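Generate coordinates for the entire structure from the input sequences, incorporating the hints supplied.
Number of protein chains: 2
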Amino acid sequence: MDWKPDKSLQIPVYRQIADYFETRIGNGEYPSGSSLPSERGLAALLDVNRSTIVSAYEQLNALGLVKRIKGFGTVVTSSAPDGSEAKRIPNWEQYAKGGFLQLNDPITRRIHKIVGSDKPYINFALGELSADLFPTALMQEAHSRLELSQYLGYEHIQGNPILRESIANHLDTHRSISSSPSSILVTSGAQQAIHLIIQCLLKAGDGVAIEDPSYSYSLPIFHSAGLKTFLLPVENEGIDPEQIIPLYKKHRIKMVFVNPIFHNPTGTTLSYERRKRLLEISANYGIAIVEDDPYSLTSFDQQPVATLKSMDQNGSVLYLSSLSKIVSSGLRIGWIAGPQSVIQRLTDAKQQMDFGHSNIPQWIAARLLASPELDDHLMRLRVGLSHKLALTANALRSELGSEARFLTPQGGIHIWCELAGTFDEQRLFNAAIDNGVVFTPGSTLGTSKSHVRLTFSKVEDDLIAPGIRKFAEAYRMTCR
Amino acid sequence: MDWKPDKSLQIPVYRQIADYFETRIGNGEYPSGSSLPSERGLAALLDVNRSTIVSAYEQLNALGLVKRIKGFGTVVTSSAPDGSEAKRIPNWEQYAKGGFLQLNDPITRRIHKIVGSDKPYINFALGELSADLFPTALMQEAHSRLELSQYLGYEHIQGNPILRESIANHLDTHRSISSSPSSILVTSGAQQAIHLIIQCLLKAGDGVAIEDPSYSYSLPIFHSAGLKTFLLPVENEGIDPEQIIPLYKKHRIKMVFVNPIFHNPTGTTLSYERRKRLLEISANYGIAIVEDDPYSLTSFDQQPVATLKSMDQNGSVLYLSSLSKIVSSGLRIGWIAGPQSVIQRLTDAKQQMDFGHSNIPQWIAARLLASPELDDHLMRLRVGLSHKLALTANALRSELGSEARFLTPQGGIHIWCELAGTFDEQRLFNAAIDNGVVFTPGSTLGTSKSHVRLTFSKVEDDLIAPGIRKFAEAYRMTCR
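Here the protein sequences line up with chains Z and U, keeping their order.
Counting in the working numbering, the first sequence runs from 163 upward without gaps.
Counting in the working numbering, the second sequence runs from 163 upward without gaps.
Hints listed in this document are in silico derivations from the structure and should not be mistaken for laboratory results.
Since the model is a prediction, treat every value here as computed from it, not as a measurement.
Check before you lean on any hint, since a few could be wrong.
Copies of one chain are not kept apart here, so a pair can be met inside one copy or by any two copies together.
Result set (BS3-like, lysine-lysine): computed pairs, CA atoms no more than 25 Å apart in a straight line [said to hold, decoys possible]:
#1 412 x 365
#2 412 x 169
#3 412 x 229
#4 259 x 365
#5 412 x 166
#6 411 x 229
The following block contains the structure:
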């Protein structure tokens, strides 16, 4: 071997070595099944560190040209690229492991797999409504009145104008929020709204504050984007806004993500005083607030709770909501209300990501929001949810007694339940699944490992008690 | 001033200075309207470079605490954060300027603005069908047969199982592609498919090859993700696959994005020999191919053209297609067919981005794809498109004669037209808009500034000749 890497080149030495062998393998000098020189020997020969040889061989391995066999060495598997021998098709597993966007955590992936399967699990994990809580007749009515003779091309990327008008009216009448169709963007649920905000208004290294626990905590999209997330503990009255000031002074946080009303997962509501103070601090320091509000219309006592956005005098709040938790998650209709400069920026991004939302669900949503029967549905929904809550809370009390500690929420769809015993979360999760019931372990949503989230909205009434019984059995089996 | 920055701290000096003044402004030491020390003077006093002071003042400016007035100095605008003076609400313009995802280029933004407006432009810019080419009766039929009594919750994130079954059957019968429902992901058009692939299978610094010109060229999502794009010129027979080899050897490109059949914008089709060679090179070097195939079913002579995926023996191809160009872009139904490891990875990402596609459009699409009347529609579509092509080509010849040079495509929806004269693209674009007609300037899609893309599918038949006349007028006005 009279070749040596040229250290004066800009190409890293390990890659020069990999390229050298790639060519030699390609021209048949190292046929399939032959061994490459030992790492140690080659390092000495080429006068480089052994780790450089390892990197070079790893690259050849990644290219599918060699296999590294422990205790044996590095063996040529293919004499491509002349095409005469075994093909080096793309290594898809390798591709799938890379990527900018991180994977969901294993528990979330398992939950989605279970939800997507045909097996009849009792599902306390997914935040959506049970079949009996959907306004099916209202939906069917809106659907059957649609004439598809209208134009079937792309919708306005910001969202169908009539739907945006309906949303603006709805925000005004149901949530005391002033907005206009031009300051609203229709999104695929609040999920996409959060993703758009992260991708368009923040950059790698920026600090943001999120609640602990929270839905935001569960989302890899924050970390994928290189954001630093700082945690605001959720107390009985919600987060303590004063904690934002030192975070701003020390880390220059740029945004606070909150779910102030019937919070997911704790069910708490940020007190009026704290809501006021949060807005004050936001305005004083120029920190943007993202208010995620999926649940405010579910108030069990039928009393409205004022959203941050309705109290916001300065335009500090980006307001997110959706029809997912009050009408139908399958429609995938959510929205952002905020300053036009932001809405335009996010609209441009939505064009790049999916070219706008599907037309028919928007037409149906526009009719639903404008329907005089929506209020009746919401009334029934509140009663239905509060009934499911009572069933779940009673079952927890009778199955687990003082072992299960929780606040009874005044709205929303979740119970955040602390379990008194010592248990391993993963084992409990697995045992519950084996027993036919799924829930969300606390560590998915925050730093507590002694909590579980039990979402009661999706389970049929008559399955709630059996479901909690199965959960309690799994708990007792795994609790030490 | 007895304070000095502490250079031994980890906090950058400019930020220490900014923090110092922020506190002093906050506690009223520098009231609103007062001036901060001059940059030069303060630099000398604190023994730092003047540029450090500039950075510190710029930060205060970004925080909205000061204004920098040329020839005058740096003036305090607010005495927040005590809240007693002018509020520092979030600076939304500043937020909107940041962000990971880059904005579309100004021309694309203008096109989308025009498309979203109510003004009756003759639109040769947007790739979709005119009202008369939609299968409206078929859609209405599929729509009216839907019973919304089925479950209205989240759809399977990978896509409704029945729709995926229909897509797999359709791929088999109409495109000779073998797949299975488990290897298909339903996306919001091919647009979202490309975004998912970029976000999940590639990482910053990776090299990819795209066609010049191409739709991919127009997408900021490649650059936003930090990818290096290398250009493959499109000739009459499509790209030259041999050019991929040196790109791989030199830059280790990981993926090739192609639109091989009735290419956007050139209308060319990658010849059979080149398709075969591209697959060979892909397998030899382990380079993944992304085949975007929106148009293969539009073949004007009714003869099918074999997709890369149908010729792919090694599983090297991720195949993207959609209903956008053949049924209705408003449904936003597209799909990826590929290896399950990739499909699962992208499904997980789609959950994070939008929690899956809307349900009703999927149910309708499933019925459409399974309908025996789809073939009749496709037949009518081909005739309709080829008629629009003839009208456009004739109008171009009669209005511009030899000034306009183009190949007549055998399918698809675009004419890629070279203009012989010397013209400024931006001026032509503006003049055309002033004259009531929109098109896509060549530089949006590739390196040529002497081409325009005229998309003929969306314009009503009787507006094609007047539209081309308006375009020709604008051309003659701006041509030197």
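Intra- versus inter-copy proximity for residue 365 and residue 412 (alpha-carbon distance at most 25 Å):
within (18 Å within a copy, 31 Å between copies)
How would you classify residue 412 and residue 229 at a CA-CA limit of 25 Å: within, between, both, or neither?
between (49 Å within a copy, 23 Å between copies)
Reference check for the pair residue 412 and residue 166, CA-CA at most 25 Å: within, between, both, or neither?
Classified as between; 19 Å across copies, 51 Å inside a copy.
For residue 259 vs residue 365, is the C-alpha pair at or below 25 Å within one copy, between two copies, both, or neither?
Both, since 23 Å and 10 Å are each at most 25 Å.
Between residue 412 and residue 169, at a C-alpha cutoff of 25 Å, which is it: within one copy, between copies, both, or neither?
Between. Shortest inter-copy distance 17 Å satisfies the 25 Å Cα cut-off; intra-copy 44 Å does not.
Between the shortest in-copy and the shortest cross-copy C-alpha distance, which are at most 25 Å for residue 411 and residue 229: within, between, both, or neither?
between (53 Å within a copy, 21 Å between copies)
Figure legend: structure checked against the earlier numbered hints; every hint is met.
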